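Enquirer: Going down the list, the protein sequences come from chains A and B.
Going by my numbering, the letters in the first sequence line up with residues 1 to 164, in that order.
Going by my numbering, the letters in the second sequence line up with residues 1 to 187, in that order.
No lab work stands behind these hints, which were simulated from the structure alone.
Computed list of lysine-lysine pairs in DSS-like fashion (alpha-carbon distance at most 30 Å, straight line): (1) LYS162/B x LYS47/A; (2) LYS162/B x LYS159/A; (3) LYS162/B x LYS152/B; (4) LYS152/B x LYS39/A; (5) LYS148/A x LYS162/B; (6) LYS157/B x LYS39/A; (7) LYS123/A x LYS21/A; (8) LYS162/B x LYS37/A; (9) LYS46/B x LYS36/A; (10) LYS2/A x LYS111/B.
Keep in mind it's a predicted model, so treat the numbers as computed, not measured.
Single-letter residue listing:
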Amino acid sequence: MKYVFDTSAVILLLEICDLEKQLRAFSTKNFLYITKKVKEEFLDGCKINKNVVNVFSLCNSVLDENILQYFNQDSSSGEFWTISYSCNNNCVCVIDEGFGRNLCNFLGIQFTGSVGIIDEMRKQGFLSKEDLFGIRKRIRNSHFYLSKELLKKLDSICKSSQIT
Amino acid sequence: MSEILDYGLDSPTRAFLVLILSMEDRTRQKAMNKLHYQKTLYYFEKLQQDKEIAFSNFKYGGVSYELQENMETLEESGLVTKVGTKYVLTQEGEDLAKKLLSEYNEETLKKLKYSKDLLNDLSDKELLFFMYMTFNETRENSIEFENLEKNKERWVKNLFHKGRINSATAAQWLGMSQRDFLDSLSV
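The shape of chain A in the complex, shown without the other chains (with noise of 0.2 Å):
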């Protein structure tokens, strides 16, 4: 599977869950992209080892007029050229907040979150149950905002992992 990552979701996977490691694994068997601005806006404040970012690997978004409407013409954030790669190359985007999720949804653009991954990552092998318990403990014990819904989401596979 290929999927291209909104800077959000890069924080959490690799500042607040130290998956590094597992990601590495993970890209094995599937392409992880982040365009170039979701790179920089990821190294901007970064508080980890800024050699991490390159699990992913850069990929080239061109500037859609179609998808730039719904950002007012500002093609200044990260999200835009992340659901315009997304767009353009049938990739899945990998996106947490609302509007974005809104807008793939609108779009039909096919996406997931952060939550998602982990739980591909789950499924295809590349983390354990204390995995999956570590990262809930980071994420809650972070300040790091992710929306009710998603944590409960987290939660619900947490649990699942447990009966399994």
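We have chain A; now place chain B onto it with these hints.
Expert: Using the frame of chain A, we list chain B on its own:
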């Protein structure tokens, strides 16, 4: 087609009013008050990059008297009725809206629906703040912007939580970094 002409719905302004009232917003509500239909069609025009409807910047930002007059005409002709402060289509209006759909291309209708989904369930203050911030020129003669700005953190967070703006826009509107904005949400 003759019914469309009879009611003057060959005019885009009038037709867009009927169409926007025929669509459900994300809370499945069709009714719209004056502020919401004005702002939704302003946003739609920007999205279309069209100038079909004339807008001017008044006390509450971008407003169109052309829209207001056409809404009154639709009310007089029985296609629209007012329930409290909100406008809704009558059955006759709904029937005509169905016929009108075939007169417009899918892209236009999609943008109309997107505009209504984005704005119609916002409170008046959230809506005004969103419009003033998105289209700076509409602040020109505003009597509300200054007051709204005093509570900008509240409006920005509401709009972000409702998925109407992204964190990059929110941070820009609050004059902080994107990371600081995201951190501020969980405190």
